[in-house]
Amino acid sequence: MPDFDISPIVDSWQFLATGIGVTILLSLLCMAASLMLGTLLGVGRVYGPRPLQLAITFYVDTMRSIPVLVVIVWIYFAVPILTGINFPPFWSALIAITIHITASIVEIVRAGVESIREGQCRAGLALGMSWPQVIMKIVLPQAAIRMLPAIGSVLSVTIKDTAIASVIAVPEFMKRAETVASQSYQPMEVFTFAILVYFLLLFPTTRTVDFIYRRLSHLGRS
Amino acid sequence: MTDTTPIRRAATQRPLLEYKHVHKAFGAFKAIDDISLEIYPGEVVCFIGPSGSGKSTLLRGTNGLDPFDGGEVFFDGQALPRKQSEVRKVRQRMGMVFQNFELFPHKTALQNVAIGPITVLNTDKAQAEQQAMALLAKVGLADKADNYPVNLSGGQQQRVAIARALAMQPEVLLFDEPTSALDPETIGEVLSVMKALADEGRTMVIVTHEMSFARRVADWVIVFERGKVLEQGPPEQIFEAPTVGRTKEFLGHLGWA
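In order, the protein sequences belong to chains A and B. Under the numbering used here, think of the first position of the first sequence as 13, with each following residue one higher. Under the numbering used here, think of the first position of the second sequence as 18, with each following residue one higher.
In case anyone wonders, no lab produced these hints; they're calculated from the structure. On a predicted model such as this, the values are computed, not experimentally measured, just so you know. Where hints are given, some of them may not hold.
To be verified - Keeping only pairs whose Cα atoms sit at most 25 Å apart, straight-line, the calculated BS3-like set for lysine-lysine is:
id, chain 1, residue 1, chain 2, residue 2
1, B, 100, A, 149
2, B, 47, B, 37
3, A, 149, B, 106
4, B, 245, B, 265
5, A, 172, A, 187
6, B, 142, A, 149
7, B, 155, B, 212
8, B, 47, B, 245
9, B, 265, B, 47
Said to hold, decoys possible - Examples of chain B residues lying across from chain A (beta carbon under 8 Å, computed):
id, residue
10, 119
11, 123
12, 136
13, 137
Where is the CB? At the ideal position from N, CA and C, for every residue including glycine.
Build the full structure now, drawing on both the sequences and the hints.
Next up, the structure:
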């Protein structure tokens, strides 16, 4: 059993803590952007005109067959050459992960929306509501509750995917951990610590989503 | 007018609802086969007939939720518009009650009743909820205002659904088999709410299999068969002395001699 020396972690705690901050910030931004875009596209996928539906389906199917790592390096290295627009690493990661995660959210929203009984829309329309009102007030709130478990698992994937941003040197936690590990020659301690940190970030997230779902699930039944 | 034409008391006014040569097919099946009918203000009209006779399809076409293939519906003298934005305005004036209640599960009973005025009429929230509370009291459910539909019985849900329809202050109430999904013991509470509305003089169109209710409450009964009107008349005539053999047969199946 080798000695477990945590001094490199203690010595670099500020460096690592800012990394955790970047990881959390990147995760939150990716989540918010993916949820908004995914809901919009998911609704478009179900209710939009046929060409829009096809375009969204094409996007979802494409993204689901490309690893997020490839999307990240493509946005960071290929897009500047193709368009002349240079995104800094953080923005490249944010865009790439959002594009990737949004595709999963679209499918979840589609399934959630389609699971709402047609009679619910008819009841709204019979009151004189417009389709946008029916979608916003009746379909989406119920679908959102039903979607919670699936959304929760995609959100945990989002947090984990941010670690891949280390390949383009985004100063998030994984990148910082690699730096500390290579400088201190103590990868065992540093990467074990990394495992612990990710677990502590993710476990409460999934538990919280699960808890909220159990409290609300009865409101999504119709 | 010949001797056999039954007297329709309300028929002196302009019809509130008028169907002119409407038809609708599902594939080769003619659900509605060229029906023309009038509903007059203040009337309670019951649509009866065997399953698949077209009575529900006719009711659902009335507010354009399931538009007819051809023909025209007139409401208050105006043809039902085909454009979504315009047909909405007409739907606001028609209340609809569904077989499966279709309460919104994420809203309390009170919110279910208030959502129409708040969303569609831009009624102030406090005012809409006050009005909703009064309507819940009217259907005997003031104490259930904060319950979610999942915690209400079928009969209670249907009474909330009636209150939800009333909240829009509709000029006509359309009931699509309102008691068909209910346990026998809760049918009575829904029917008595409907009876009270009929006694207020509201215009109601009711698709129903509750023959004794139709006999008791209807001003006019229309018997459907195979997408056509088989016979229509006041309940005394339809239930006691039907002039058409098939009406007799249909009622006979249901235990009416």
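Practice task
Against the structure, test the hints numbered earlier, and report the numbers of the ones violated in rising order.
Solution key: The structure conflicts with no hint, since it agrees with every one listed earlier.
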